[in-house]
Amino acid sequence: MTRVLKGAPHFQASQSSLIFWTRGGRRSAMTTMVAIRGLTKRFGHLLAVDNISLEVPRGAVLGFLGPNGSGKSTTMKMVTGFLTPTSGTAEVCGVDVLEDPIQAQRHIGYLPEGAPAYGDMTPEAYLGFIADIRRLSGVARRSAISRAVELTQLDRVLYQPIDTLSKGFKRRVGLAQALLHDPDVLILDEPTDGLDPNQKFEVRTLIQEMSGEKVIIISTHILEEVEAVCSRAVIISDGRIVADGTPDQLENRSRYYNAVSLSVASDNVDKVRRALSELAGVTAVEDRVGRGSGAELVAVPADGGDILADVSRLVREGGWEVDQIRLERGHLDEVFRTITTGKAPPAAGDDHA
Amino acid sequence: MHDTWIICRREFSGYFATPLAYIFIVIFLASVGAFAFFFGNFFVQGQANLDSFFLFHPWLYLFLIPAIAMRLWAEERKSGSIELLLTLPITTLSAVVGKFLAAWSVIGVSLILTAPIWITINYLGSPDNGAILAGYLGSFFMAGGYLAIGAFVSALTRNQVIAFIIAAALCFVFTASGLGVVLEFFSGWAPRALLDIVAGFSFLEHFKDIARGVIDFRDVVFFSSMIVFFLFANVVAVEYKKSG
Chain A
6 MTRVLKGAPH FQASQSSLIF WTRGGRRSAM TTMVAIRGLT KRFGHLLAVD NISLEVPRGA
66 VLGFLGPNGS GKSTTMKMVT GFLTPTSGTA EVCGVDVLED PIQAQRHIGY LPEGAPAYGD
126 MTPEAYLGFI ADIRRLSGVA RRSAISRAVE LTQLDRVLYQ PIDTLSKGFK RRVGLAQALL
186 HDPDVLILDE PTDGLDPNQK FEVRTLIQEM SGEKVIIIST HILEEVEAVC SRAVIISDGR
246 IVADGTPDQL ENRSRYYNAV SLSVASDNVD KVRRALSELA GVTAVEDRVG RGSGAELVAV
306 PADGGDILAD VSRLVREGGW EVDQIRLERG HLDEVFRTIT TGKAPPAAGD DHA
Chain B
2 MHDTWIICRR EFSGYFATPL AYIFIVIFLA SVGAFAFFFG NFFVQGQANL DSFFLFHPWL
62 YLFLIPAIAM RLWAEERKSG SIELLLTLPI TTLSAVVGKF LAAWSVIGVS LILTAPIWIT
122 INYLGSPDNG AILAGYLGSF FMAGGYLAIG AFVSALTRNQ VIAFIIAAAL CFVFTASGLG
182 VVLEFFSGWA PRALLDIVAG FSFLEHFKDI ARGVIDFRDV VFFSSMIVFF LFANVVAVEY
242 KKSG
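Listed in order, the protein sequences are those of chains A and B.
Using the working numbering, read the first sequence as starting at 6 and increasing by one per residue.
Using the working numbering, read the second sequence as starting at 2 and increasing by one per residue.
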């Protein structure tokens, strides 16, 4: 969660390699493609989703974040028409999902949680079935299937029953199914859950490649994923939106935003700590459980102020031996925990999972 | 129509992708044969007709059809693929009808495969083939009635075993509603009119004449309305779960 330099190239919604997605070059900036209006779902006494409203413009990659059971999946199920909302509605590409679910569903590609599929079919037959349902035929059908297979790299397992495939391939079959008809809106419920790091990387790359002309909504509880692919993050807790902004904006809410960490030799620690805490603009100096020899100190700024210059001047003047001096970005996981549990942030050095 | 056909095709190949369809067909043929020859005294009767063959169809359907109907919705709900199916741009009705037609086709295939019995009887004597055709059609429609009940029950649960047991019980009630075992239950307290209505729902009653080769328009209407009613209930059950 630490970066060497402030403003290091963080994720920028990938604008390159979009050739195959931009059909006819429809590029209207900031059109709302998905509008969620007061969506509420009640299961008996349980209020699963509580009056959620959102507008997502074309080109956005929206990350739905939240603890398990916070209502992410339920929201997605209502937008895709699998569940009927208790109240409120959603519009997809201007079509109300309650008034005309079929028309709305034509615009949507959906990967349900756990990527269910018809296990007795092969990916080839399965994608053929989806293509038929999506009313693709002839050349369009063939090219749609081969493009989806290529994007998700399914060619090796095309003729094996889906039941016999590994988790990673199953997930990819689900993704291929979702993006088969080149939908305007892609809704992916935990697209990387249970995948190994390489597969996660591939799926994220795929999501980045597809962003731009579409709306992509993913749900996840993996925070690095949000940083990696999302242009906007919405945190849901107990069925309500508790935070909404770019990943950067959310990080700004962290107390570690703009904090400076120093790796110093152990014999210098006390001296450095004292000097840092006397610095104006520093509210606290925390020890981080260091890796290897030496210690790591974190100077937490007051109100996210810029203290890097002051700290480095201090280091120069003091002539301390410092292995490393880093400017911290906020800790998204700490923001997440603070927001969703209302608890005080844990001590520094607590490695995010 | 298009969607119904696509769903039906997928569902039908689903039956044959697993051993289910084969097992169903083999068991069906074996028991139809056993019942007709052993209990029905097919040969002893010395008559060139298939009465004794059709006679046992309701009792076979009673537990065989719930067995192939139980997976229709319960399996989808269990595996989660129902979420996929219901978020595809198709109506619930086309999914319901498509699935029903697929399972009905499996039953149709099984019935066609009983042709050797028909060939045998033509070889041994000269039966009324019109009556036999009527018997087959009647049996097929009756199977549709059982199947619609089974499909509806399957939509109510994610557990296939529960779907089977409830469907079989429900099918039994409809099979035997003209018999004492069901009517006794009502006779103590229910008015005569209700008793007649209950008896009127008996598959056995409606199939009795068909099995003898007499197709009565009312019997066909009865089985068709059973199919339509339970498919409608199936749609309602699927839609209801959406709001669940």
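The hints are simulated quantities; they were obtained by calculation from the structure and are not laboratory data.
All values reported here derive from a predicted model rather than from experimental measurement.
Note that the Cβ used here is the ideal one computed from N, Cα and C, for glycine as well.
Treat the hints with care, since some could be wrong.
As the list claims (entries may be wrong) - Stretch by stretch, here's where chain B covers chain A in the computed footprint (C-beta under 8 angstroms, at least three residues):
no., segment
1, 54–65
2, 133–145
To be verified - Restraint ranges, calculated between C-beta atoms of paired labels, are given here:
no., chain 1, residue 1, chain 2, residue 2, range
3, B, 110, A, 56, 48 to 56 angstroms
4, B, 217, A, 91, 44 to 52 angstroms
5, B, 237, A, 101, 37 to 45 angstroms
6, B, 190, A, 48, 54 to 62 angstroms
7, A, 346, B, 6, 50 to 58 angstroms
As the list claims (entries may be wrong) - Here are the simulated lysine-lysine pairs, BS3-like style, with alpha carbons at most 30 angstroms apart:
no., chain 1, residue 1, chain 2, residue 2
8, A, 205, A, 172
9, B, 79, A, 205
10, B, 243, A, 172
11, B, 209, A, 172
12, B, 242, B, 79
13, B, 79, B, 209
14, A, 172, B, 242
Evaluation of the provided hints:
Given a C-beta distance limit of less than 8 angstroms, the hint that chain B covers the segment 54–65 of chain A is violated, as 0 residues qualify and 3 are needed. Note: the segment 133–145 of chain A has 6 residues with beta-carbon separation from chain B under 8 angstroms; the three-residue rule is met and the coverage holds. Between residue 110/B and residue 56/A the CB atoms are about 52 angstroms apart, so this pair conforms to the stated range of 48 to 56 angstroms. Range check, residue 217/B to residue 91/A: about 49 angstroms between beta-carbon atoms, so the 44 to 52 angstroms window is met.
At about 22 angstroms, the beta-carbon gap between residue 237/B and residue 101/A misses the expected band of 37 to 45 angstroms. Checked against the hint of 54 to 62 angstroms, the C-beta distance between residue 190/B and residue 48/A comes to roughly 39 angstroms, which is inconsistent with it. About 51 angstroms separates the C-beta atoms of residue 346/A and residue 6/B, a value consistent with the hinted range of 50 to 58 angstroms. Simply put, residue 205/A and residue 172/A have alpha-carbon atoms about 12 angstroms apart, close enough for the 30 angstroms limit, and the pair holds.
With a C-alpha separation of about 26 angstroms, the suggested pair residue 79/B and residue 205/A falls inside the 30 angstroms cut-off, and the hint holds. Taken as a hint, the residue 243/B and residue 172/A pair is honoured in the structure, with Cα atoms around 28 angstroms apart against an allowance of 30 angstroms. Proposed proximity of residue 209/B and residue 172/A is contradicted: the alpha carbons are some 53 angstroms apart, above 30 angstroms. Between residue 242/B and residue 79/B, the direct Cα distance comes to roughly 14 angstroms. Compliance with the 30 angstroms bound is thereby established for this hinted pair.
Using a Cα cut-off of 30 angstroms, the hinted pair residue 79/B and residue 209/B is violated, with the two alpha carbons roughly 38 angstroms apart. Distance check on the hinted pair: residue 172/A and residue 242/B sit about 28 angstroms apart at the alpha-carbon level, within 30 angstroms; holds.
The structure fails to meet hints 1, 5, 6, 11 and 13 from the earlier list, while all remaining hints are met.
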